[in-house]
Structures are given as C-alpha cells and as structure tokens.
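FYI, in mature numbering (1 follows the signal peptide of the UniProt record, and there is no 0) the residues of the sequence shown are -17 to -1, 1 to 177.
Hints may be right or wrong, so weigh each one.
Claimed, not checked - Derived lysine-lysine pairs resembling DSS-like cross-links, with alpha carbons at most 30 Å apart:
(1) K71 x K175
(2) K175 x K51
(3) K150 x K175
Simulated from the structure, these hints should not be mistaken for lab results.
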Amino acid sequence: MQRRKFLAISSGAVSTAATTVTSTATLGASATPTKSALSAKKPFAVKAGQDRFNQPILYQGVNPNLVKISAKDTGDQLAVFEYEGFAKIGPPLHMHLHQDEIFYVVEGKFLFQVGKEKQTLIAGDTIFLPRNIPHTWLQLSEKGKLIYLLQPAGNLEDFFKQMNAFKRPPTFAEEQQVSREHGVETLGPPLKME
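With the hints as extra help, turn the sequences into a complete structure.
Here it is, written out as structure tokens:
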C-alpha cells in the first residue's frame, strides 16, 4: 500500500519537474520542442586560440574577437565569442534590443557598468546582462580574456565585421548607425580609467 502511494507521489513530482525543465530549458525558447537548425548539423570543436571560420575579427584593430559558436550553427539561437584583450579599453555604452548577454571572465580584471551600477569582475566571475539595459565594460588589467554569449544570437558577427572594415576609428555617429542596423543602440562613450 505504501509503495503505491510513493509511486503516485513520485510520478507527480517527476512530471512537475519535467514540465519546469522543459519550460525553462532555454531563454526565450518555446516550451514545445522543435527541431532546430543545430540538430541537423554535425558536432564540431574549436581549438583554443582559434576562430570557428579561421577569420578572427580584431576589435578596435588590436584585440582578437573569436567566433566560437556562430549564429549560423544554431539557427540564430545562440552565439559564443572569445575576446582577448591587450589594451585597457572597452565598448561604448550600449544596449542590445533583442539579445541577453552573458560574460565569463577567463583572465584579468574588468569593470562592468550595467544601468547605473558598476561591478569589478575577476577570473572566474560571470555577469548576466539582460536586453534593453544599457551596459559597457572596461578591461582594467594589462591582459584579459572573456567568453561571452548572446541569446538569441542576433547578427553581432556581422556588426563586428562591419566595424572592423573601417580603416580609421569610426565617428560616434558612424558607430551609432552601424549599431542600429544590427539591433544595438549606442548610447554614450566607453568607460575611462580613473
């Protein structure tokens, strides 16, 4: 008798847990499982220091910004990048209109501004930046490395390529225009070293 009662309770708990996992499996994804573009492709590995397509994009002409997992790999659901910084710089204050962003600090020290709050992160720290919230970051150490992902992917790869195509530093107006074309609003200057 006790065994039947236990099984009934257990199966109810498993059903509830499965429903919860299914509905929170991915940010912004439907609870109904669908075959993604990713499921039709073969697995792949990208070696350390390598770019998915062997075409590293230099951020501000100096710092490698490597595509690790492309939007093309995931049906635009996710993009993963590795940034290696050799200068104490960062992007202008900006806001993603359609993507959440997550940064993991692999090496170095970074100052992140999210809204009006500032936080210093070191190796091993992670920060979540929800869409539609202004944010930026500044590398504080001589060398730094970040892994960051966007979900859904958007077209940030194309944004970086277009920004990299400038033969000189773009003006603020040029950066605003290119950003806007890629679902990003550039709102202000980058953080400065204090």
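Against the structure, test the hints numbered earlier, and report the numbers of the ones violated in rising order.
Checked against the structure, no hint fails, so every one of them is satisfied.
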